[in-house]
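There are 2 protein chains.
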Amino acid sequence: MGKYALKERSMSVYFGIDIGGMSIKVGVVDANGNILAKCADVTPLGDPEAAVDVMVRLMRGAADAAKVSWEEIDGVGAGAPGTVCDGVVTYATNLGWYGVPLADMLRKATGKPAAVGNDANCALLAEWRLGAAVGKANVAMVTLGTGIGTAFIADGHLLLGNGAASGEGGHIRIKQLGKKCSCGREDCWELYASASSLLERTEQLIEKNPTGKCAAIAQTKGKVDGFVLFDAIEAGDEEAEKVLEELQVDIADGLTNIANLLRPEVIVMGGGICAQPRLLAPLEDMVNARTLGGKNNPHVYVVKPRFFNDAGIVGAAVQVMP
Amino acid sequence: MGKYALKERSMSVYFGIDIGGMSIKVGVVDANGNILAKCADVTPLGDPEAAVDVMVRLMRGAADAAKVSWEEIDGVGAGAPGTVCDGVVTYATNLGWYGVPLADMLRKATGKPAAVGNDANCALLAEWRLGAAVGKANVAMVTLGTGIGTAFIADGHLLLGNGAASGEGGHIRIKQLGKKCSCGREDCWELYASASSLLERTEQLIEKNPTGKCAAIAQTKGKVDGFVLFDAIEAGDEEAEKVLEELQVDIADGLTNIANLLRPEVIVMGGGICAQPRLLAPLEDMVNARTLGGKNNPHVYVVKPRFFNDAGIVGAAVQVMP
Numbered sequence: 018m019g020k021y022a023l024k025e026r027s028m029s030v031y032f033g034i035d036i037g038g039m040s041i042k043v044g045v046v047d048a049n050g051n052i053l054a055k056c057a058d059v060t061p062l063g064d065p066e067a068a069v070d071v072m073v074r075l076m077r078g079a080a081d082a083a084k085v086s087w088e089e090i091d092g093v094g095a096g097a098p099g100t101v102c103d104g105v106v107t108y109a110t111n112l113g114w115y116g117v118p119l120a121d122m123l124r125k126a127t128g129k130p131a132a133v134g135n136d137a138n139c140a141l142l143a144e145w146r147l148g149a150a151v152g153k154a155n156v157a158m159v160t161l162g163t164g165i166g167t168a169f170i171a172d173g174h175l176l177l178g179n180g181a182a183s184g185e186g187g188h189i190r191i192k193q194l195g196k197k198c199s200c201g202r203e204d205c206w207e208l209y210a211s212a213s214s215l216l217e218r219t220e221q222l223i224e225k226n227p228t229g230k231c232a233a234i235a236q237t238k239g240k241v242d243g244f245v246l247f248d249a250i251e252a253g254d255e256e257a258e259k260v261l262e263e264l265q266v267d268i269a270d271g272l273t274n275i276a277n278l279l280r281p282e283v284i285v286m287g288g289g290i291c292a293q294p295r296l297l298a299p300l301e302d303m304v305n306a307r308t309l310g311g312k313n314n315p316h317v318y319v320v321k322p323r324f325f326n327d328a329g330i331v332g333a334a335v336q337v338m339p
Numbered sequence: 018m019g020k021y022a023l024k025e026r027s028m029s030v031y032f033g034i035d036i037g038g039m040s041i042k043v044g045v046v047d048a049n050g051n052i053l054a055k056c057a058d059v060t061p062l063g064d065p066e067a068a069v070d071v072m073v074r075l076m077r078g079a080a081d082a083a084k085v086s087w088e089e090i091d092g093v094g095a096g097a098p099g100t101v102c103d104g105v106v107t108y109a110t111n112l113g114w115y116g117v118p119l120a121d122m123l124r125k126a127t128g129k130p131a132a133v134g135n136d137a138n139c140a141l142l143a144e145w146r147l148g149a150a151v152g153k154a155n156v157a158m159v160t161l162g163t164g165i166g167t168a169f170i171a172d173g174h175l176l177l178g179n180g181a182a183s184g185e186g187g188h189i190r191i192k193q194l195g196k197k198c199s200c201g202r203e204d205c206w207e208l209y210a211s212a213s214s215l216l217e218r219t220e221q222l223i224e225k226n227p228t229g230k231c232a233a234i235a236q237t238k239g240k241v242d243g244f245v246l247f248d249a250i251e252a253g254d255e256e257a258e259k260v261l262e263e264l265q266v267d268i269a270d271g272l273t274n275i276a277n278l279l280r281p282e283v284i285v286m287g288g289g290i291c292a293q294p295r296l297l298a299p300l301e302d303m304v305n306a307r308t309l310g311g312k313n314n315p316h317v318y319v320v321k322p323r324f325f326n327d328a329g330i331v332g333a334a335v336q337v338m339p
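Protein chains in written order, with the numbering used here: chain V, 18 to 339; chain E, 18 to 339.
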């Protein structure tokens with residue numbers, strides 16, 4: 018780190034803050050998207066001022082760890098899980114925040130330029146500016162996590178919508194099974210295509226076949242995580258392969274909806290489970306086979322991100338890059 | 018018409034051409050969106066040059082009917098049912114056109130500035146510039162016809178997408194019934210929420226209850242059209258009311274998908290059947306009850322258009338208005 022800092026000190030550096038319902042992560046990010054150091058702590062829910070105090074402490078810690086002085090930092094960007102309009106977090110249920118003027122609070126607390134955006138939009142900005150979709154005019158970022166986050170560059174602009182409340186692609190309805198979603202609707206895409214759905218499907222398979230390979234792998238691991246299904250497939254479990262195919266059909270279904278509506282050139286698939294090549298590989302063909310116009314319309318590329326779990330930190334910082 | 022022409026001659030006038038799979042309609046449109054005269058003829062399919070000849074003949078006829086000289090027309094705009102990128106109709110199955118440089122052809126044929134766009138985008142431009150959504154930064158236009166056409170203004174820009182192939186909202190999948198769509202997918206929204214679906218549902222009700230009010234009205238009319246169901250409801254047919262409610266749930270389902278993804282401030286509902294207040298009235302409440310964030314997110318207005326079937330002609334002309 019010290020060596021890097023000496024070599025590249027001429028490059029601008031920024032704080033990137035990724036605010037989640039569980040933790041706040043802060044990184045020192047350079048103009049190329051490299052994270053020089055990062056720190057994290059638990060999110061104090063429902064108390065924005067306490068959260069800003071945590072952020073300031075983490076920023077000081079990250080700067081120290083990166084061997085960058087406070088004065089050298091050129092700006093502060095933050096991403097929050099909710100609707101963010103003109104620097105104000107208007108609505109973030111997971112944080113218990115409503116109408117929090119976070120950009121102003123960060124400006125006052127740091128004396129630096131500050132910008133705040135939705136976390137899914139930040140992840141997209143990271144990939145669009147510095148990652149897997151540089152220079153593309155139409156990009157979708159789809160992050161498979163607890164739910165599904167979506168964000169869009171449309172015709173060269175970050176898509177915000179009225180009150181910056183767009184981009185809730187996880188809540189497109191794709192089925193008719195009557196499964197309740199936390200949003201109040203039924204059968205939203207994220208119920209069938211998120212990382213949570215992968216876990217649920219893995220658990221169902223283990224329940225259905227408690228003596229199968231999937232169950233054995235989970236038992237050895239002592240838990241069911243996002244790797245169990247893929248490990249079982251690697252070990253030749255055909256049932257596990259079928260479960261993955263069903264998940265992929267549902268992922269591709271929502272991606273096709275997005276492709277028909279917005280026709281991105283590139284869909285960047287975020288979230289830890291998308292690091293599995295086996296998950297990602299068939300999606301591009303599935304989407305292009307299903308979108309309207311087939312080969313008469315432009316091809317849709319489905320790619321993995323550059324930043325994975327760091328996209329939130331890097332993209333938050335991108336907001337204050339010139 | 019003559020009186021109007023005399024009174025308003027100082028205002029700029031344009032040709033607006035609405036190219037459909039059945040007919041080509043041409044209007045002389047003034048800068049306020051008034052149609053001074055219009056003419057129509059059958060579309061010669063698969064032959065773009067013959068189609069342009071028809072357009073020129075119709076333009077001459079419309080100018081004559083409007084008592085406007087050819088020289089007074091300031092430009093020509095056309096809308097085509099397909100993908101249109103940079104003045105070229107890249108892909109219009111219904112016309113049998115692939116890669117037709119229509120803007121250039123119209124420029125040569127008329128000696129006037131010419132612009133060409135997708136027909137759904139044209140309808141939206143008419144409503145955005147001169148109709149039901151003037152001055153709004155986020156607008157969706159949803160036209161319930163044979164299929165469902167969608168088009169979007171996002172953050173103040175007409176949304177085009179890669180190769181201008183966006184806006185195919187009729188092909189969002191909303192069910193799991195296995196009903197085949199012409200696009201190759203199953204259960205696309207337009208199978209359940211278009212004017213065609215209204216007719217299909219009406220026919221099914223008549224079949225199910227051949228002695229009911231709906232059947233009687235259709236028999237009196239000698240046909241099943243888009244009014245039969247509404248007439249039956251007017252006459253107190255509770256079964257017909259239930260059929261309408263089911264249609265509305267499916268319409269609202271797709272609108273909610275669009276609202277979650279793009280968060281328009283206004284959704285303009287086009288197509289003849291949307292002239293029925295009974296169809297339109299409950300949709301706004303249904304959409305706002307289902308979209309993510311409920312009252313925490315900005316309200317989505319669902320409104321009728323100004324132009325209805327003339328939106329294509331007017332919007333085509335809007336493309337060449339300054």
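I should point out that these hints are in silico values taken from the structure, not numbers from a laboratory.
Errors might be hidden in some of the hints.
Which copy is meant is left open, because identical chains are indistinguishable; a pair holds if it fits in one copy or across any two.
[Said to hold, decoys possible] List time: in silico DSS-like cross-link candidates among lysine-lysine, alpha-carbon distance up to 25 Å:
(1) K225 - K129
(2) K196 - K125
(3) K259 - K238
(4) K84 - K321
(5) K192 - K129
(6) K312 - K197
(7) K312 - K196
(8) K259 - K55
(9) K196 - K238
(10) K240 - K259
(11) K238 - K312
All figures in this text were calculated on a predicted structure; none of them were measured in a lab.
Quick rundown of the hints versus the structure:
Taking identical chains as interchangeable, the C-alpha atoms of K225 and K129 are never at most 25 Å apart, the minima being 56 Å within one chain and 70 Å between chains. Proximity of K196 and K125 under a CA criterion of 25 Å is satisfied in neither setting, with 45 Å inside one chain copy and 58 Å between copies. In the homo-oligomer, the alpha carbons of K259 and K238 lie at most 25 Å apart inside one protomer (22 Å), although the nearest pairing across protomers, at 53 Å, exceeds that limit. Neither within a single protomer nor between protomers do K84 and K321 lie at most 25 Å apart by alpha-carbon distance, with minima of 31 Å and 60 Å respectively.
With identical chains, the CA atoms of K192 and K129 are never at most 25 Å apart, being 47 Å at best within one copy and 50 Å at best between copies. In this assembly of identical chains, K312 and K197 lie within 25 Å of each other by CA distance solely across copies; the values are 19 Å between and 36 Å within a copy. Taking the shortest alpha-carbon separations for K312 and K196, only the inter-copy value of 23 Å comes in at or below 25 Å, while the best intra-copy value is 35 Å. Taking the shortest alpha-carbon separations for K259 and K55, neither the intra-copy value of 39 Å nor the inter-copy value of 58 Å comes in at or below 25 Å.
Taking identical chains as interchangeable, the C-alpha atoms of K196 and K238 are never at most 25 Å apart, the minima being 30 Å within one chain and 43 Å between chains. Taking identical chains as interchangeable, the C-alpha atoms of K240 and K259 lie at most 25 Å apart only when both belong to the same chain, with a minimum of 21 Å there against 49 Å between chains. Proximity of K238 and K312 under a CA criterion of 25 Å is satisfied in neither setting, with 44 Å inside one chain copy and 44 Å between copies.
Hints 1, 2, 4, 5, 8, 9 and 11 from the list above are not met by this structure, while the remaining hints are.
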